[in-house]
Amino acid sequence: MNLSVITTQFWSLAFQGLALGLIYSLVSLGYTMVYGVLRLINFANSEVFMLGTFAVLYIEINILGHPVTAKPLGGFHLVYTLVIALVGSMIACAVIAVLVELVAYRRLRARGASRLASLISAIGVSIFLMESMRMVTASRPQTAPRLLEKWTFGEVAGVNFRIDTVMAIIAPIIIFVILDQFVTRSRLGKAIRAVSMSEDNSKLMGININRVISLTFLIGGLTTGAAAFLYTTVYENTVFNVGFNMGIAAFTAAVLGGIGNLRGAFFGGLALGMMEQFASAVLGSQWKAVTVFVVLVLILLFKPNGLFGEAVQQTRT
Amino acid sequence: MNKKIVSGLAIAAATTLALGVVVTSPANAAAKKSVTLAFQGPLTGPDAQLGQDQYPGAQWAIEVYNATNPATKINLVKADSQCDGTVAANIAPGVAANKEIIGVIGTSCSGEARNSFPAYKAAGLTMVAPSASAVSLTDPKAPDRGFPVFHRVVAHDGFQAPALVRYAVKGVTGPKIYLVDDQTTYGAGLIKFAKPSATKIGVVGTDSVPRGTADWTSVASKVKAAGANVVIYGGYTAEAAKFFKALRDGGYTGILAAGDGVNTSDFPSLAGKAAEGVRLTAADVPFEKLLTAAELASFQKITGVKVPGLYSATAYNAAQVFITCIKNGALTRSAIAVCVNNTTFTGAGGSKIKFNRYGDIIGGADVGAYLVKNGTIIYDGIA
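Protein chains in written order, with my numbering: chain A, 1 to 317; chain B, 1 to 383.
Some hints could be false.
Pair by pair, the computed Cβ-Cβ distance ranges are [claimed, not checked]:
id, chain 1, residue 1, chain 2, residue 2, range
1, B, Ile-362, A, Thr-137, 53 to 63 Å
2, B, Gly-202, A, Gly-158, 20 to 30 Å
3, A, Ala-14, B, Thr-376, 38 to 48 Å
4, B, Thr-173, A, Ile-248, 17 to 27 Å
Hints are computed from structural coordinates only; laboratory data are not their basis. Built from N, CA and C at the ideal position, the CB exists for glycine as well.
Extracted from the complex, chain B is given alone in its bound form (with noise of 0.2 Å):
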């Protein structure tokens, strides 16, 4: 019933386990020297999908790394934030008090790297996020910006917003477009960056409809009266499903179309039949595509996982930065971060990879284009 005493339990028992997973590591440092970064973003809760798909991208390139027999191996302990600010708040200083942990791979979302920035830049933990894209996170002039520790190894919401409204009017003949956000960091920036090439287009209406909310019947109505043939949403699979599922029981038969947070592996059997030809977008190309068949061998034995998720390149890349500098010796916080902004990568496919001074990838990334087809995610190109 109480939502701040339920949640502050959560938060204790994540902390608990971030913490009690770590304590463990002392014993092996003393066997054989070895780092530890962490994994954080949603591993439970209502967009668990995220991180799930995102972490054994990381944890493939980190086991990799281990059986080559380095001088210094790699501990990866997950952080769960629950793609939610405020867990991120509360468990973000138990993983800056872990003096083990050198580096953080993270965050998914946009809300849980903000409110992660307090305790991380009092202790000097440099960040490398798979996928948390809103703008504002590397904006110079924005007060919540991550400078120094955060980096990004994807492309903003700047990108892919304008490239999310060419793939959704692609095709259409007299769009009008309907926007509605989530009223997340990550939701209401996509769509605002979404919002000047969307009024060239032509915009009928626009909602901002907070998380949680069950019944979606009036947003559906709306749009209908709106006379929309193009909906975007800027928001996360869970509330997606339910507001798709409404608008096509509601008889709307135009185009859904909605950002890298809808696009999960499980955003398909949650929306069920109004999944199908809903178009997705994100910063990032399939994995597999960038795998040798000896390489994707490798990674399916090593996490179990099939098919790559999405971002599973993206978070790879991630726990390469740092796995480079374990490599040139930066064992320390302060190592890491030094070696960070200043060292040029190599990522999945062979792309290089460098950091600007707020934490962006020099020259950017590609945005991809997916479709929901028969009831699975598949890949159409760039957007």
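Chain A with its partners taken away, still in its complex shape (with noise of 0.2 Å):
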């Protein structure tokens, strides 16, 4: 127990909480998109994210030809770098995402197979895509070189602003303010949120069911892609089970803030990277996951549908 750590760090622990969970937001928003219009679990979201870092690193290192020992770049150099790495793995994984409903899903889907088999066929593609970088990569941990040199902006309150963790709070909030936008305003959110309601209706209505999962997945695709990139700039590694812990922490968030529910994905992947900095600095690292879990707990108990209730979708029009 470590109070003091709370007067002296409280902003710079909450900053990189921000930064942290804002990361969570992104892949529990590839949880929760989908589990909004399937009421399905997507377990593949967790290697999805996976690919998404190899892609990264793939790009900075073998198209853009930058060594792990590579300098850090500078100017318009950097910009373009990070630009093409960022794109690069949103669209990867939103590829990936696509494939992944197509094999997966689909044909289940279309046979009327229960939603425990599609839950297994979920699994069963995490593992082959897990065990295939397993193998492809020998276990071994991967490096990523560091483009963007750890400039910081200065010191305010004990918080270091540091370019990295600016861009990891800065690029999820526009994402997200943009999918909020497009779910709540445009005509193919506003299928999404109907096939959400009812998939009957929506087929009476003459909405291409198929077309708007397939859309679905593409998003979760997009912002895990973007949270991919934004792991890879900030924490510079990767492994072929980084996925598993991600996976858990992003679907956490999404329970915790209402599954199916997008502003509840993004603020429960707040309050997971909040809970976990004061949970690790204040009673130490071995006690961060039990208090998360706890507290998830407590919260499922007063408020079973989590923080902003189930699929806020459905009742609001």
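Quick one: dock chain against chain with the hints and give me the complex.
Listed below in structure tokens is the structure:
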């Protein structure tokens, strides 16, 4: 127990918790979007994230030619390298997510298989992807080149405004606002919400269900890809099972906020990131997971549908 | 996603591999008498470098012996337990069930050793470990001791930990120590034995961080808030690289130190700039310092390794223990057990090895100090 950390490091911990939590939020959007329309936990999303981190490494090292020992870049060269890595990772993850849906879920759905069958097929895809990467990398952790020098804008109230942390906070907020607007305002967003409310009625209204579902996986893949980019840029490493812990965290965040609910995933991720930082600072890192899950259980006892309720889209028109 | 299922699959694959390799050996045995030893340690996985550094030491010892055209040749097979207790618990029964194997050179990690004990004790299979250094493995009072099958040719952490503290604070004025472990048999044990001598100097904080943690910033914040200027980490390379990076990026400028779990040749590349100046220890002296020029050339030729990695020397010594016994005609598991417990062996550089009742070397061994400089780990004398 180390309460003095709260007084001396409060803002610093909060800031870091914000960055970590927003990365969780992006991945949990992948879970929550799919749950919203299919009522299915897409367990393979953690492996989509894992493949995204490797895509970032592949783009930076093999395509753009920056070895692990490369010196940090500057100016336009840096911006364009990071943008290519970000966009590449988002596209890679979106394609993988859509493929996962085509291969693992669509046929099962078309034949009216139970949700449990889809769940097993999701776990199967997850294991397949993880084990494939284990073989490719011989289970060795991989390091990303430090292309972004970790310079800082300055220190305010003990908070070190480091460029990568700032980026990991701003980018998810922008992505979330765009996504939120897209789902509430656009025609396709309306279609997603309609399918989420009632698949049968949407069909009657002439909505192409399969297209909407593919679109949902695509969006989930895009946000997960962005998370993979931010993760690799901030922490500069990845390993074949990096998706496991991230998947657990993001899924927890989604449940905490209310699964199926976009805003829930966003704030659930934030809450989780903050809790992890403060728990490990005050109680010690060995208590981090314990604290998080005790809080989760307590919240679910009082609000069984999570902080923001399950699938708000249903009640909102 | 599901870790249990996944590691189960990996284990099944690993067991098949371990057995698959060995199944071929009876054919050779028919032509000429031969016995088999297993090298067990991490050959893949996040800490693979530990095992990859050691294997050539054992390989060289055995190939040199086989080249003398002895009456009984030795086959060496690999058993990959990934420095992971769970994996070890699942592959050890496979190794034990293989009657061809009469001894195990291993394990590298303490958790692997502990979880392999039940299978090897039941099978009477003798182990000689190059680097499993947790104190409890040879502690007569510990419930998880390896008696009677376990032996090691390395000084245990009861020697290494105080030496690590000594080396970490060397030349630091007003040292304030922060201790962090990784909750493994080895890491937590090392820190436990470092604590008494560190407390005398001044400990300002401790933490215990599970393996696989991605975000180390909260730990880095705590270290900074505590005003520490010496951080000692008990754990393995992959986690240490993440931790030390987070500390340096968070503006920490003091000393970073860790034990032999981090002292692997891939640490500088994984930690990048943060590796510079990191102080490491190991109960090992660089192998090349013990070899003549001709021997080193032979090592390089046979193993394809230019600079022998950490614990090549102890892996060589572990192999020598078995080789000596096999030369003396001990060709069964029970004969090996008797021989290993009762013989005085000669290790690299002429050192004498004799095991006490619980498997430690009588007289212990020196702890070496190492320093990361310009991206390579250099030997810095005795800690």
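Verification of the hints:
A beta carbon spacing of about 43 Å between Ile-362(B) and Thr-137(A) contradicts the range 53 to 63 Å that was offered as a hint. Between Gly-202(B) and Gly-158(A) the CB atoms are about 24 Å apart, so this pair conforms to the stated range of 20 to 30 Å. Evaluation of the 38 to 48 Å hint for Ala-14(A) and Thr-376(B) yields a pass: the beta carbon distance comes to about 40 Å. About 44 Å separates the C-beta atoms of Thr-173(B) and Ile-248(A), a value inconsistent with the hinted range of 17 to 27 Å.
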